[in-house]
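Line order of the protein sequences matches chains S and D. Numbering follows full-length UniProt numbering, with no gaps: position 244 of the first sequence is 244. Numbering follows full-length UniProt numbering, with no gaps: position 94 of the second sequence is 94.
Errors might be hidden in some of the hints.
To be verified - DMTMM-like, lysine to aspartate or glutamate: derived pairs with alpha carbons at most 25 Å apart:
#, chain 1, residue 1, chain 2, residue 2
1, S, K364, S, D406
2, D, K64, S, E258
3, S, K359, D, E76
4, D, K187, S, E255
5, D, K154, S, E296
6, D, K187, S, D286
7, D, K169, S, D243
8, D, K173, S, E296
9, S, K363, S, E255
10, S, K212, S, E368
11, D, K180, S, E255
12, D, K78, S, E297
13, D, K55, S, D179
14, S, K257, D, D171
15, S, K257, D, D25
16, D, K55, S, D243
17, D, K180, S, E368
18, D, K172, S, E258
19, S, K364, D, D171
20, D, K64, S, E255
21, S, K240, D, E176
22, S, K351, D, E67
23, D, K78, S, E183
24, S, K364, D, E176
25, D, K169, S, E232
26, S, K362, D, E176
27, S, K257, S, E306
28, D, K187, S, E302
29, S, K387, S, E302
30, D, K169, S, E255
31, D, K172, S, D243
32, D, K180, S, E296
33, D, K187, S, E258
34, S, K349, S, E290
35, D, K180, S, E290
36, D, K64, S, D261
37, D, K172, S, D356
38, D, K180, S, E297
39, D, K64, S, E183
Just so you know, the hints here were simulated from the structure itself, not pulled from any lab data.
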Amino acid sequence: MASADDDFADYVSSAAPSPASAANPSPLFTPSGAAPTPLNAGSPWYALWERHTLAEFQMEGFILLLLGFIVLTHVFGRKKNRQIAVNFISSILPVLSSEFALVGFDFRGRANTLAESADANAAPVIDPETLVHEAGLTEYSSYATGRLNISTLTTNITLQRRSSPVALLAEWIASFIFDSIPEPRDVVHLTVTPPPSTPAPGSPQSAQAGGKYDNFVLAVVNKSAMRRLRTERYDLSIAKVSDCPQANWLGIMSESKEITDTILTSDVLNPILALGSHFEALIITDQPVERPTTLEEIETPERRIELILSPLPTNKKDAEKVRDLVRVFIRLSDVLVAKARFRDTVARKLKATRDDEIKKIKKKIEEETKEEREKKLAEDRKAEREKKLRGMSAEQQRKFLEKERDREQRKGMKGMQRKA
Amino acid sequence: MNPQITNLVIILGMMQVSKRVPFEDPTVLNYIRAMYILSNIIILGLYFLTGQKIKSKNDQTTLKYVEPAPPMSGEEPKLITTTVREYDQSQLKTSYKSVLMGVGMMAVMHLYFKYTNPLLVQSILPLKGALESKLVQIHVFGKPAIGDLKRPFKAAGLMSAMNGGAEVKTDKKSLEQAEKNSRGGVKEE
Numbered sequence: 001m002a003s004a005d006d007d008f009a010d011y012v013s014s015a016a017p018s019p020a021s022a023a024n025p026s027p028l029f030t031p032s033g034a035a036p037t038p039l040n041a042g043s044p045w046y047a048l049w050e051r052h053t054l055a056e057f058q059m060e061g062f063i064l065l066l067l068g069f070i071v072l073t074h075v076f077g078r079k080k081n082r083q084i085a086v087n088f089i090s091s092i093l094p095v096l097s098s099e100f101a102l103v104g105f106d107f108r109g110r111a112n113t114l115a116e117s118a119d120a121n122a123a124p125v126i127d128p129e130t131l132v133h134e135a136g137l138t139e140y141s142s143y144a145t146g147r148l149n150i151s152t153l154t155t156n157i158t159l160q161r162r163s164s165p166v167a168l169l170a171e172w173i174a175s176f177i178f179d180s181i182p183e184p185r186d187v188v189h190l191t192v193t194p195p196p197s198t199p200a201p202g203s204p205q206s207a208q209a210g211g212k213y214d215n216f217v218l219a220v221v222n223k224s225a226m227r228r229l230r231t232e233r234y235d236l237s238i239a240k241v242s243d244c245p246q247a248n249w250l251g252i253m254s255e256s257k258e259i260t261d262t263i264l265t266s267d268v269l270n271p272i273l274a275l276g277s278h279f280e281a282l283i284i285t286d287q288p289v290e291r292p293t294t295l296e297e298i299e300t301p302e303r304r305i306e307l308i309l310s311p312l313p314t315n316k317k318d319a320e321k322v323r324d325l326v327r328v329f330i331r332l333s334d335v336l337v338a339k340a341r342f343r344d345t346v347a348r349k350l351k352a353t354r355d356d357e358i359k360k361i362k363k364k365i366e367e368e369t370k371e372e373r374e375k376k377l378a379e380d381r382k383a384e385r386e387k388k389l390r391g392m393s394a395e396q397q398r399k400f401l402e403k404e405r406d407r408e409q410r411k412g413m414k415g416m417q418r419k420a
Numbered sequence: 001m002n003p004q005i006t007n008l009v010i011i012l013g014m015m016q017v018s019k020r021v022p023f024e025d026p027t028v029l030n031y032i033r034a035m036y037i038l039s040n041i042i043i044l045g046l047y048f049l050t051g052q053k054i055k056s057k058n059d060q061t062t063l064k065y066v067e068p069a070p071p072m073s074g075e076e077p078k079l080i081t082t083t084v085r086e087y088d089q090s091q092l093k094t095s096y097k098s099v100l101m102g103v104g105m106m107a108v109m110h111l112y113f114k115y116t117n118p119l120l121v122q123s124i125l126p127l128k129g130a131l132e133s134k135l136v137q138i139h140v141f142g143k144p145a146i147g148d149l150k151r152p153f154k155a156a157g158l159m160s161a162m163n164g165g166a167e168v169k170t171d172k173k174s175l176e177q178a179e180k181n182s183r184g185g186v187k188e189e
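For reference, chain D alone in the conformation it holds in the complex (with noise of 0.2 Å):
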């Protein structure tokens, strides 16, 4: 099932439980809160997890794909020369960032502005993305990396589509293309 349409699904359903809930009783939010930090831990360990495992299988392949331009820079799409460790791991540090950010914004939302009703999403949904990251699907669960998980990885649906269509590419004249065109060490102003 597509993952979008079941976090759609997750977000109305909760909306709906979330009404239900007596958030002013102190002992249920404790509850609720103790929900939250349990599922942000789990989703640390998860990640935690997924880093050792890259770590341990430590797979070389060199890995090559060009990156498109950010949309309105008038840059060239570069090419990426990486291995398949190094790989996984900026994309597991993408996550790790996305964690804290998540946290981050939380804090804020129900420390200072005193929100609660987000406490009950906020507990289910990143650890269901996190359960379904491509990184956490290939070493957690060993699936192998072909079809979509096949790296470099592809953008969600959503995200491509804001940046107007552009994706990672890796067939062959591309790659040739971008090899002679991409050059480094560019000045920075």
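Next up, chain S with everything else stripped away, as it sits in the complex (with noise of 0.2 Å):
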């Protein structure tokens, strides 16, 4: 009994508001019908605690959490893009040096792989990191220069955009959908530019023969890429398609069967065969790979040689593989330079074909200037008969204006009579 009366006395004493009773979690209603307790009475001001539960924030925590992801993922993709980057640099960063004076980026242009010390055989040490220029989350590059019969050499790395997976996902779904959009991948396009054939007077690249070599297209490209190429590439498509003899899944597009001859030899395709499905095309141009509108466009060569590769390779036999196809790319300019002339029935042919897609714009050009310059002519003479008959007395106009009506009917009469 005297416990149930404790209770009561509990109940009693709860109902009057005190502090104390206050200090207890969610005082904010009271059964008994008594006045409330002020909310933080007892507690201070800063106790977040008495009023809101971690449970409150279920969705900022959910976004916290993306957000958390998308940094992530952004930080991890971009580091592993550059690092797939530095890796294809420093995988033919051996070949580079031996070839090339200058390698990468110095901002004072000094040459950086001639060995300085008495040692001229050690390799000169370059950080790769150095060697690769970042122009975004997906696009890389590379320079090299300072080698004869050829100006520059530019590394242009393409990725995958691995710092944002949503939006590489969306780019795989509309690769899916359009036929238009390509798929994401991972390309490496090198680009050999040799000096121009006609360096400018006083230039110091006038005094040396080299940079002297017809113009003409070849490629050496790999089937799986065959059809986008072609698309693709204005240069590639004046080329006639043929099947490589060596391997059935590369094609060679050519403009004469003795330039395929003279420059694809075997050294050139050992490497290429070597590599195998890395391999995407070997291209040798003076043609732009946009189709030209205009006679300037067509009329400059563009020359150039490239290499386009695709997927990169990723594990090191591959890299050599790599490694030593780039050096007969390198090669290939001096090849050439000392062997790129040819007879004068094949020069006739390469400059037929240019020629005839020359008149082919001068044509497209002409239609298109053709009404304007009728609807000029028509203004010009208009212009003409009102300086006429502002310059005659009012005799004159009367007479000049009688004449030109004359002149019409007869026109008129005379297309009636036609018609009749």
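Each of the two chains sits in its own frame; use the hints to bring them together as a complex.
Laid out in structure tokens, this is it:
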């Protein structure tokens, strides 16, 4: 009985508001109907834990998690892409440093591969990190110069958008639905630009005969890229496709059999055959990639040698094969200067193809300007007539107009007669 | 037999059958739904198998043909230079796309507009189409790629009629003509 009494006493005492009872949690509702206790009576103003729980912030938690995920993938994806680019460049660095005086970006343009120490055989130490220029999250490039027969070598590495998996997925889906959108992939595009064939007078290059060879288009391509390359590129589409006799997965685009036989020797083909599916195309060209629409675009040759590799090699063995191919690719510029001057019949054929294309553009431009010209002619005639009239007296004007009317009438009559 | 005529027969037949099927019964409806899903799984499986076969055969024979310009575009017919493998893969991709398209349409019709009848026809016709498709015939049933199955495939009667009779060409003369005229690298406006 005593305990029951105690309980009752408790009830009574709690009915009377006291600061002590307000200290217990959630005092918002008092069942007895007594006056509600003030919210923060007895606890400090900053006691948020008494008014809120963590469960209220579930949504914010998810948002934070998502944000963290986005930031993390961005940071890691970017790091990964940069790593891939640096790895590729450093895998071909031995070739680059043995072939070029300057590799990478030196703001003073100093040669950095010419061994200065007594030990001339020691490979120069170049930090591969400094070789890669990052132009966005998917574009990386590198540069080399300082070699006979080559003015520059640029390496453009285009990678998948690893920094944003969602965007990458969207790109995949878009490429599946629309044929015009290419699949995201990793591509390396090396471009050798030879020195201009007619150097400016007084320039240091005029002394050497380097850079002189006939303009032509020749390509070896992986057949799986054949269709895409031919529709994407103007320069390849002027050459004829044939099968490569050495491998059924290679196609050759050439303007003449003689050119193919002269340039594509086994020295060039063997590293390609060894590399296999990582090889996409080796292109020697003088024509623009985009279809030219003006005479200026088609008449200035853009001579270059391109090597396209995709997908990138992932193991050491393939990286070595890539290195061999890159060496052959760089030395191809010497081969061109040494051998690429063709017999008259071949040269004539090359010229005829280019002239045909120039003619096509001329015709197109003419058609476009024809209408404009006619319009202008009519306007000129009208202005002349007005000028004439202004200079005449009233009598002369009357006579002139009469004559004109007569002429028009006669014209009209003639037309009528012809119709009848 | 002409597939288009058999298609028509099946459609008419299924219309009669679907009149007698009690679609209101939820068990029956679920059976039909299951049948539709199963048929699509079989189709996708067939195409997947075809894709595997294409990859393993890896036929690198060069394939040249002239694609007619889209009607009313004023463009010149285009020369396509590809390989048998690439051609098959692009054809397979179109097949996959049409399956997805059909399923998407069916999903809207069934889930949103609550149509039930097409489920029946749509679980038979696409399966028949897949079995009759040229790629499946060549790669799964092992038929030689000659005659009707010769690449590039000719479009079925109705489709080519809509294209104004323009067809892919492989004769030497039009190939040479197109090789001279078709140029790549057109700038996109």
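Verification of the hints:
| no. | hint | in the structure |
| --- | --- | --- |
| 1 | K364(S) <-> D406(S) | violated (40 Å) |
| 2 | K64(D) <-> E258(S) | holds (23 Å) |
| 3 | K359(S) <-> E76(D) | holds (17 Å) |
| 4 | K187(D) <-> E255(S) | holds (23 Å) |
| 5 | K154(D) <-> E296(S) | violated (42 Å) |
| 6 | K187(D) <-> D286(S) | holds (18 Å) |
| 7 | K169(D) <-> D243(S) | holds (21 Å) |
| 8 | K173(D) <-> E296(S) | violated (33 Å) |
| 9 | K363(S) <-> E255(S) | holds (24 Å) |
| 10 | K212(S) <-> E368(S) | violated (37 Å) |
| 11 | K180(D) <-> E255(S) | holds (12 Å) |
| 12 | K78(D) <-> E297(S) | holds (23 Å) |
| 13 | K55(D) <-> D179(S) | holds (20 Å) |
| 14 | K257(S) <-> D171(D) | holds (23 Å) |
| 15 | K257(S) <-> D25(D) | violated (73 Å) |
| 16 | K55(D) <-> D243(S) | holds (20 Å) |
| 17 | K180(D) <-> E368(S) | holds (23 Å) |
| 18 | K172(D) <-> E258(S) | holds (23 Å) |
| 19 | K364(S) <-> D171(D) | violated (29 Å) |
| 20 | K64(D) <-> E255(S) | holds (17 Å) |
| 21 | K240(S) <-> E176(D) | holds (10 Å) |
| 22 | K351(S) <-> E67(D) | violated (28 Å) |
| 23 | K78(D) <-> E183(S) | holds (22 Å) |
| 24 | K364(S) <-> E176(D) | holds (22 Å) |
| 25 | K169(D) <-> E232(S) | holds (22 Å) |
| 26 | K362(S) <-> E176(D) | holds (23 Å) |
| 27 | K257(S) <-> E306(S) | holds (20 Å) |
| 28 | K187(D) <-> E302(S) | holds (17 Å) |
| 29 | K387(S) <-> E302(S) | violated (50 Å) |
| 30 | K169(D) <-> E255(S) | holds (24 Å) |
| 31 | K172(D) <-> D243(S) | holds (17 Å) |
| 32 | K180(D) <-> E296(S) | holds (22 Å) |
| 33 | K187(D) <-> E258(S) | violated (32 Å) |
| 34 | K349(S) <-> E290(S) | holds (22 Å) |
| 35 | K180(D) <-> E290(S) | holds (17 Å) |
| 36 | K64(D) <-> D261(S) | holds (23 Å) |
| 37 | K172(D) <-> D356(S) | holds (21 Å) |
| 38 | K180(D) <-> E297(S) | holds (20 Å) |
| 39 | K64(D) <-> E183(S) | holds (23 Å) |
Hint check: violations occur at hints 1, 5, 8, 10, 15, 19, 22, 29, 33; the rest are consistent with the structure.
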